[in-house]
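K.L.:
Sequence:
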Amino acid sequence: MRGPTEQEIRTRAYELWKDAGEPPGKMDQLWYQAEKELLARRATNGEAPCDIKGHNGPSAYPERLRGVH
356 MRGPTEQEIR TRAYELWKDA GEPPGKMDQL WYQAEKELLA RRATNGEAPC DIKGHNGPSA
416 YPERLRGVH
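Position 67 of the sequence shown, counting from 1, maps to 422 under my numbering, and the rest follow consecutively.
Check the hints yourself; a few may be wrong.
To be verified - Here are the simulated SDA-like pairs of lysine to any residue, each with C-alpha atoms no more than 20 Å apart in a straight line: (1) LYS373 <-> ASP383; (2) LYS381 <-> LYS391; (3) LYS381 <-> GLN362; (4) LYS381 <-> TYR369; (5) LYS391 <-> ALA375; (6) LYS391 <-> LEU371; (7) LYS391 <-> ARG357; (8) LYS391 <-> GLN362; (9) LYS391 <-> TRP372; (10) LYS391 <-> GLU370; (11) LYS391 <-> GLY380; (12) LYS381 <-> GLU392; (13) LYS373 <-> GLN384; (14) LYS391 <-> PRO359.
No lab work stands behind these hints: they were computed from the structure.
Make a model of the complete structure from these sequences and hints.
P.N.:
Shown next as structure tokens:
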């Protein structure tokens, strides 16, 4: 599964910050909350998790296991 982009996290964190009333000193907490939400959303959309950062699921398996001969 591809992780959320920095821009996606930034946008969601900003939305959370605005919704919370623009609290000072909370951006780190809201950044991590945004990242967690985006990852959870991807997981519920059926995207396979990935053990290797930046690797996208099935291509991590040998070709013979992917049905490519």
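K.L.:
Out of the numbered hints, which ones does the structure contradict?
P.N.:
Every hint satisfied by this model.
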